[in-house]
Amino acid sequence: MPKYTSMAYGSWEEMIFGTAKHPVSIGFGPVELGKKHVHPQIVPHPRPGSEATKAKILKEYQRMTEDALSHCAALGFPSIVIEFEHIYQMTSQPEWAAAIFTQAKAQMKEYYDKYGLKSALISTVADLRKPDMVNMRKCQEIDWMLETFDSTAANGADVLSIETMGGKEVFDYAIQRNDMKGIIFGIGVLSSIDMAWLWPQIVAIAEKHGITPGGDTDCARGNTAMFMAGGFTATDVPHTVAALARGCSAARSLVAYECGATGPTKDCAYEDPIIKAITGVPITMEGVASACAHAELQSNLVAAVVDLWSNEAVEYHDMFGGSSVEVFTEILGYNVAQMNAAIELGYAKELQAINVASDKYRDVHGFMLSPDNSYEIGKAIVANVDSYYLRAKAAVLKTAELIDADSKMLLTDFEKDALAKARADVEALPDNEADFVDMCLSEYSKVPGFDPTSYGF
Amino acid sequence: MQKTVNDLTNFDPIFIRYDIKIAPKKRDAADVSTDPALQAIAKGVVEGDEDMVAEASKAAIASKGPQTVIDTLILGMAEVSKLWDDGVYYLPQVILSSDALMVGLNMAEEALGSAVVKRGTVVMHCAHGDIHDIGKNVAAALIRANGYKVIDLGSDVPEETVVQAAKDNKADLVTGTALMTTTMSAFHRVAELLTQEGINIPVVASGGAVSEEWVTSWDRGVYATFAKQGPEMAGDAAAGMSWEDMRAKWNLVV
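Going down the list, the sequences are from chains L and E.
Residues 1 to 457 in the numbering used here are what the first sequence spells out, letter by letter.
Residues 458 to 711 in the numbering used here are what the second sequence spells out, letter by letter.
Don't take each hint at face value.
To be verified - Once the Cα atoms are required to be at most 27 Å apart in a straight line, the calculated DSSO-like pairs of lysine-lysine come out as:
(1) L:K379 with L:K181
(2) L:K208 with L:K138
(3) E:K500 with L:K181
(4) E:K575 with E:K685
(5) L:K114 with L:K35
(6) L:K421 with E:K482
(7) E:K460 with L:K21
(8) L:K408 with L:K349
(9) E:K515 with E:K575
(10) E:K460 with L:K349
(11) E:K460 with L:K408
(12) E:K606 with E:K706
(13) E:K539 with E:K483
(14) L:K408 with E:K483
(15) L:K421 with E:K500
(16) E:K483 with L:K421
(17) E:K483 with L:K416
(18) L:K446 with E:K482
(19) L:K446 with E:K606
(20) E:K539 with E:K500
(21) E:K539 with L:K421
(22) E:K575 with L:K446
(23) E:K606 with E:K685
Think of the hints as simulated: they come from the structure by calculation, not from any bench.
With the hints as constraints, model all of the structure from the sequences given.
Here is the structure:
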């Protein structure tokens, strides 16, 4: 059940990059997140073929880690956080993951001992459960995942995170049909329930090993909507519907922190500015440096309240400037150097204003994630504590209301129609969770593979 | 006093909203039949209204025969494609129309007593070890709505299963999608197994981390950028176009 009933900040103006109400310390140094400093986070990804054997994958990770650390030393970066987003072969083979983390941690210690380079290591276990193929609570995949959380926590990880898959079967069906009821059910209800089941287990593993339970992201749903919406020339998903889905994402990702996660949050959770406004945990965001992985319409704005600045994922290969890991470590390092210089000079609010002005009215996604609107959506969420459904519905309606009310947020006629229809559809939904769930369990029984017992129904 | 975004009224120096500049004018769908009974079927497809299609199809099957209903359904879907091409429709409207089309098609096929002859057969899957399949599902809906038989094997599919399905169904085309670079390697193995089995068909690969450079580095590989390309690619393969010619048509790297 929802727990947050108030905001961590008195107003959006109190929110600024580099500072969080509830800082977190991780790794060698330690790396202090949310204490008037923004840190860089590199997420390297192995090349295809390197997964063929344990020896090959270990070598690949050894090189990627070395490139990140040596480049920080070469360019004078004070700190680096490295996130390993598990490939399938790591989570399904916990002993591979353990060896990779043991190796990386030893490399990081070497650089800490030699240069004083602060560093921390994040283990993001792959959620291998596909909701329409397995029972989410009773399957081989969940056993692998929990075992790998444990093996990486025991072998060098400082933070445990994940991108959970609950509700994706219904969400995928709904987003292809502009079906707000299914979007709210998939994200706001099913995914929240799945997180509330899984996250206490992740927190227990982290506590057992004395490390940090980080966070979760609505990547599988919210980012699917955002990427399908695409740029100005795409005609797949209305941008307004993607923004409403994102409002829902915030209500859903909050569950991790209600279960004991403390941040840093997961980098691809674009809903994190709203999460920070509610919880005060340090957030990780990916923006302009994630162009190596995907395009987006709010790359500067998402730096407005960030604490850990990431690149999403970069595949390891050569570039003119060095390896891709070196190049993106450098980009991230200088990005945060600029933010930290602004903090030290007392220009943080000015830099925040510049980043917001860059993207707030470029697209509705940036609009809703600007600090002022994030705060308003957060208030709608914490004002609805009766159920996951009601706070998700409230987040969606507040997002729609904000877009409708700001004349600077220009919309095409198509987007206006899509928003009006979506808003009307949501306003017509039931006023309590039981009725909504009954309606959805009946309607979405047509979604292939949807198994209500995966969610305790 | 510090200036903020609220002080700006002209954003042109910062970004240009090309979507506003190029927004297509709304237009209604064109009628596809002068016969009100048949137009009701087409209207149901265009509006993605399964109930309307079911009701109109039931009546028209009785009065005009199932083949006429099928022809009308296809004309309705063609109008949907035009609306999408013109930017008037977005993908969700096309998917809803496809759902409605299938309702009418199933009713008509039942009345006919046999399935409509399909334009070709496509075996689709998401790579072994990969569970990110929304792109495959969108492409499957579009290909199916364009009159092809789709064998959808789902996600995390072993390579041998893909090849066996291609063999069993005499497929014209195999497609694979993957989000992860470390799972997409399976497509190459699918292509090699097809060759070993003497099945000479293209393997279209696509997905988040899948690159044209990689797909065109092995025999049979043809890279697709968008799900929307699916029906035309299926048409090429069903018409007997070789993988080399398909690669030359669709990909930069030949």
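Against the structure, the hints:
no. : hint               : verdict
1   : L:K379 with L:K181 : 22 Å, holds
2   : L:K208 with L:K138 : 23 Å, holds
3   : E:K500 with L:K181 : 24 Å, holds
4   : E:K575 with E:K685 : 19 Å, holds
5   : L:K114 with L:K35  : 25 Å, holds
6   : L:K421 with E:K482 : 19 Å, holds
7   : E:K460 with L:K21  : 26 Å, holds
8   : L:K408 with L:K349 : 22 Å, holds
9   : E:K515 with E:K575 : 22 Å, holds
10  : E:K460 with L:K349 : 10 Å, holds
11  : E:K460 with L:K408 : 17 Å, holds
12  : E:K606 with E:K706 : 23 Å, holds
13  : E:K539 with E:K483 : 13 Å, holds
14  : L:K408 with E:K483 : 23 Å, holds
15  : L:K421 with E:K500 : 20 Å, holds
16  : E:K483 with L:K421 : 16 Å, holds
17  : E:K483 with L:K416 : 12 Å, holds
18  : L:K446 with E:K482 : 35 Å, violated
19  : L:K446 with E:K606 : 21 Å, holds
20  : E:K539 with E:K500 : 14 Å, holds
21  : E:K539 with L:K421 : 23 Å, holds
22  : E:K575 with L:K446 : 25 Å, holds
23  : E:K606 with E:K685 : 17 Å, holds
The structure fails to meet hint 18 from the earlier list, while all remaining hints are met.
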